[in-house]
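**Student:** Working from the sequences, and respecting the hints, build out all of it.
There are 2 protein chains.
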Amino acid sequence: MRIALDAMGGDFGPPNLVGGAVLALREYSQIEKLFLVGDTPRIEAELKKLQCNDRRIEIVHSTQVVEMSDGAVQSVRRKKDSSVSRAVDLVKKGEAAAIVSAGHTGAAVAATTIKLRTLPGIDRPGICALIPSETNVFVLCDAGANSDAKPEHLLQYGIMGSVYSRHVLGYKNPSIGLMSIGGEDVKGTDLTKEVFKMLKQSSLNFRGNVEPHDLFGEPVEVVVCDGFVGNVLLKTCESVGDAIFKWLKHELTKNKLRIAGAYLAQSAFKAIRKKVNYEEYGGSPLLGVNGICIIAHGASTPLAIKNALRVATESIEEQVNPHIVEEVARYNETHAPLESALH
Amino acid sequence: MRIALDAMGGDFGPPNLVGGAVLALREYSQIEKLFLVGDTPRIEAELKKLQCNDRRIEIVHSTQVVEMSDGAVQSVRRKKDSSVSRAVDLVKKGEAAAIVSAGHTGAAVAATTIKLRTLPGIDRPGICALIPSETNVFVLCDAGANSDAKPEHLLQYGIMGSVYSRHVLGYKNPSIGLMSIGGEDVKGTDLTKEVFKMLKQSSLNFRGNVEPHDLFGEPVEVVVCDGFVGNVLLKTCESVGDAIFKWLKHELTKNKLRIAGAYLAQSAFKAIRKKVNYEEYGGSPLLGVNGICIIAHGASTPLAIKNALRVATESIEEQVNPHIVEEVARYNETHAPLESALH
Chain H
-15 MRIALDAMGG DFGPPNLVGG AVLALREYSQ IEKLFLVGDT PRIEAELKKL
35 QCNDRRIEIV HSTQVVEMSD GAVQSVRRKK DSSVSRAVDL VKKGEAAAIV
85 SAGHTGAAVA ATTIKLRTLP GIDRPGICAL IPSETNVFVL CDAGANSDAK
135 PEHLLQYGIM GSVYSRHVLG YKNPSIGLMS IGGEDVKGTD LTKEVFKMLK
185 QSSLNFRGNV EPHDLFGEPV EVVVCDGFVG NVLLKTCESV GDAIFKWLKH
235 ELTKNKLRIA GAYLAQSAFK AIRKKVNYEE YGGSPLLGVN GICIIAHGAS
285 TPLAIKNALR VATESIEEQV NPHIVEEVAR YNETHAPLES ALH
Chain E
-15 MRIALDAMGG DFGPPNLVGG AVLALREYSQ IEKLFLVGDT PRIEAELKKL
35 QCNDRRIEIV HSTQVVEMSD GAVQSVRRKK DSSVSRAVDL VKKGEAAAIV
85 SAGHTGAAVA ATTIKLRTLP GIDRPGICAL IPSETNVFVL CDAGANSDAK
135 PEHLLQYGIM GSVYSRHVLG YKNPSIGLMS IGGEDVKGTD LTKEVFKMLK
185 QSSLNFRGNV EPHDLFGEPV EVVVCDGFVG NVLLKTCESV GDAIFKWLKH
235 ELTKNKLRIA GAYLAQSAFK AIRKKVNYEE YGGSPLLGVN GICIIAHGAS
285 TPLAIKNALR VATESIEEQV NPHIVEEVAR YNETHAPLES ALH
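Protein chains in written order, with my numbering: chain H, -15 to 327; chain E, -15 to 327.
Mixed in with the good hints there might be a few duds.
Identical copies look the same in the list; a pair holds intra-copy or inter-copy alike.
[To be verified] Listed below are the simulated SDA-like cross-link pairs for lysine to any residue, each with C-alpha atoms no more than 25 Å apart in a straight line:
no. : residue 1 : residue 2
1   : LYS254    : ASN239
2   : LYS258    : LEU232
3   : LYS233    : ASN189
4   : LYS177    : SER13
5   : LYS259    : GLU195
6   : LYS254    : LEU153
7   : LYS233    : GLU202
8   : LYS230    : ASN261
9   : LYS64     : VAL309
10  : LYS233    : ALA244
Quick caveat, the hints were computed from the structure, so don't treat them as lab data.
**Tutor:** Here's what the structure looks like:
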């Protein structure tokens, strides 16, 4: 397998990215070639620091970096030599099978969409985030690629999320929920009400509207929403989790009795922390582009980058894209043209 | 003070609602009259069960209840004798100063908007939810009244949330954040980008876009968003909090060592649980209607209803509405007509 890593993006740049690359190469022998795309001297310096001279590494020099203040589409047009654009070029030329980026999400979405195009039958790609609950892992699609989404996009997120849940996570008949603000089909926005009708008419295992309390109470395997709502939801889960654990730590260290109690019970906290640690998940596949693109967290640690590279190898192995094309084609055969599902 | 309680709504109906009313009457002597609106025999049965014959109670009979599957506006038109409509009528006739409802949120919003109208300068009311963090309490507006919002609505939520934070919560110069999916002003939806410009041009203490991790990390006092996003965000906070505490409980009871540790540290858990317990907050004011309406949680316990009635008394005392009218008028003087802020 040949993978391209955008080595410049993210909150911490080359140190964490190159660090993650080195960890991944040590662990995943199925990676035959790892392109590190970015500023050669900085990448070389990190490799030297880590005493890594793995022959599977190939540095691809690029002179520009997309900044968080850049517009997504503009960044592709104006920064042609950015690390993320050059990494996508490697996939386009067939030199790499997947790209991993922890940089500007919008830029990664725009670069892959413009350069690789979307899969047949897919209008807009969606980020497929994995969220752990006590009893399972569900996918949330779209978690932030497409903020101003149309009904057909959300239907396609349902199809793609369902394929991912089945083929990568191993759920046999994943149930799908539409994120809304009430269980009844009269609740929601104009957008969600249209999507409700389309999902109901599809052959997907649609359970209806779901609300946030269902996510952890009566979980579905696939949660469909637009990218703005999905991004807020995903980051709220992370941020409430972090806030509670920080707060717990403050409270648990306030006196000796509590410190003693926390010490005795520490394995319980660790069990949960491990399962909710985003570093273990590493990256979210951007589904729907004609290629494999894994979006890693901006604040990724080396461990998170290593796991994002693992997600890339899984996506290559599991052939998610051909399955998506097949499922969308099947949908379109029975519902074509797609718009007819609206009425 | 005279308050009307919709005694039929919510997941549990009269038992919890009447139970909360009885608790409130015991505690709040400033309530001079409490109308319990709904099915007289059921309300009387609950009062009898609780051995309450407080003379401040007046039962107002109504024969209909808005069901969760009813449309919001339709419920007002078609169920003219619903408990929520009758309760709003009492405010309209000046017999009560505030209404409290734990029923169908959309119906309460529609009934108050149609019957009481909005305040001068306000186009659409917004639910102003209070969310606790470790260090403060912030307001989220809109938390679910208006799912398909326009830019000017969100600007008005900023003004109203700011008034509430200042006059009821006591923050001197509340900072305002616009919920978005990136800190930079180029990030977000078409809606949030327009609102960003309007808030920036206003004299409000606007801090820019905020993301969920800012809510608990570097909190602002007022978070502005549309009602769909706000409702998902609020319920996600509640649901992640609940899920983590449940999960903790399971992990902490898995073996004797952990049980002993949890016992020693129990006061730490209780301190957090108490602060994040929605029952203590009770209800969220629906700001922007010409009257006072407090929206309680559908799953309200008697304690939550008691506190929702407390929030109603506070809103009456603090004269939030005249302050809102004043602030909106001040905004419109300097920016009139409001639409001009768009360009």
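**Student:** Each hint: holds or not?
**Tutor:** Against the structure, the hints come out as follows:
no. : hint               : result
1   : LYS254 with ASN239 : both (21 Å within a copy, 14 Å between copies)
2   : LYS258 with LEU232 : both (16 Å within a copy, 13 Å between copies)
3   : LYS233 with ASN189 : neither (41 Å within a copy, 32 Å between copies)
4   : LYS177 with SER13  : neither (47 Å within a copy, 46 Å between copies)
5   : LYS259 with GLU195 : both (22 Å within a copy, 23 Å between copies)
6   : LYS254 with LEU153 : within (24 Å within a copy, 37 Å between copies)
7   : LYS233 with GLU202 : between (29 Å within a copy, 18 Å between copies)
8   : LYS230 with ASN261 : both (14 Å within a copy, 18 Å between copies)
9   : LYS64 with VAL309  : neither (30 Å within a copy, 52 Å between copies)
10  : LYS233 with ALA244 : both (13 Å within a copy, 18 Å between copies)
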